[in-house]
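Peer 1: Listed below are the residues making up each chain.
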Amino acid sequence: MPELALTVNGARRAVTVPAEMTLLALLREVLGLTGAKLGCDAGDCGACTVLVDGQAVNACLMLAMQAAGREVLTIEGLAHPLQRAFEKHAALQCGFCGPGVILSAKALLDANNAPTTLEIREALAGNLCRCTGYSKIVEAVQEVARDSPRGRT
Amino acid sequence: MRAFELFRARDSRHAVELLARHGPGARLLAGGTDLLVELKAAARAPQVVIDISSVADLKQIALGDRGLRIGALATHAEIERSPVVRKMAPVLVEAVHSIGAVQTRNLGTLGGNLVSGLPSMDSGPALMALDASVILAGPRGERRLALAEFFIAPRRTALAADELLTAIVVPMASFGKPAAFLKLGLRKGQALALVNVAASTWLDAGAFKQPAIALGAVAPTVIRAPLAERYLDGRDATMESFAEAGRIAAGEAAPISDFRASAQYRREMIAVLTRRALERCLSSH
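Protein sequence lines correspond, in order, to chains A and B.
Okay, so the first sequence: first residue is 0 according to numbering that gives the first Met the number 0, each after it adds one.
Okay, so the second sequence: first residue is 0 according to numbering that gives the first Met the number 0, each after it adds one.
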């Protein structure tokens, strides 16, 4: 089985995984990081969204081996105003979409710290939520953007 | 997914060698947005997967003396952000922006979209309206094909089993040509096109010059609409000419009826989208 070295939530990890294992399965089953969820397993629902080198991706559509030498950020590695804002605005109900939505929102704010409502909705278009109707999610992201220090990336 | 052997290509030469060594059953992994979905559903696994996703020499986007050369491994997100693509071929930016969602665009590649051979691909019409061509590399060397020659049938392209799509070239003659892309889907994001249309045209003293109309999702492959183009070429650009071109283009397509839409509805939408795309070309002139 091939060996894999990567950085997850700031920590260097070295594992041995089968070539056909997805990044999602690596995170959940090998590393015990179950924040990223198995939803559709086909890249449509976004419940498996993690950041790889700062970019939001579907972990179900990457082989674990493709993350070699790269930096992966999961919800467990995040301490961000978005999380408190989601609590304050009751932006989650069942919570299943939450980790993916929050990471997609973080990636948006890292690239654009003053997004319009349309830009927020477009950035989150790959994260499906069956419970909330998205409006409180958008409000929470807007609050964090508004409160962020000027010029912060 | 069932087990397979994974080889990582160092560069495009190595990728071609690996393809030659492991035979026609080997699959190429670029963005994985089509391949991994397919492998998860497949009854049988390929023996070998060749990972080309980190091959740097296939990711370059650069202006050359032939035109704008986009490496096949450039992701849709990279194309959206590329200053040179935004300047020289903005219609391609519109097209790739409509693909999937942020996550799929961060992984999916332009080459992957083209080799899928899906008539509903979004990059195909935009590139065809720009007269783009593709570069294929194999053990016998490199060859260049116009997109119309590259697309053969649904899910079938001219790519041989031992070949790699290495680059897409937008010719210099298309730089600055007013163009527009429109996609009709059942929703705004993560949508498969019911119809997608790209149009491009120069204007000469108020008349169409070298108009190009490309239609997707309404024929076995992405197609041009040569009768509509011939109707427009040299004709004064008027509201009626846009509408008539749309009607002619609709007749050149062969849409199917499926659970998403009827053939009749798609035909009517070809006319609408073609008219709107031509209007957009004019307003951006």
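Among the hints, erroneous ones may be present.
Said to hold, decoys possible - As a list, the in silico EDC-like pairs of lysine to aspartate or glutamate whose alpha-carbon atoms are at most 20 Å apart:
id, chain 1, residue 1, chain 2, residue 2
1, B, Lys58, B, Glu16
2, B, Lys39, A, Glu118
3, B, Lys39, A, Asp43
4, B, Lys187, A, Glu118
5, B, Lys58, A, Asp43
Unchecked claim - Far from chain A by the CB rule (all over 12 Å, computed), these chain B residues:
id, residue
6, Arg1
7, Arg7
8, Lys39
9, Ala76
10, Gly99
11, Gly137
12, Tyr264
To be verified - Partial list, computed: chain A residues near chain B (C-beta under 8 Å):
id, residue
13, Glu2
14, Ala13
15, Pro17
16, Ala18
17, Gly45
18, His79
19, Pro80
Since the hints were derived computationally from the structure, they do not count as laboratory data.
This structure is a prediction, so every number in the text was calculated from the model and none was measured.
C-beta atoms are modelled at their ideal positions from N, C-alpha and C, and glycine is treated no differently.
Peer 1: Of the hints stated earlier, which fail here?
Peer 2: Per hint list: 2, 5, 6, 7, 8, 9, 10, 13, 14, 18 and 19 violated.
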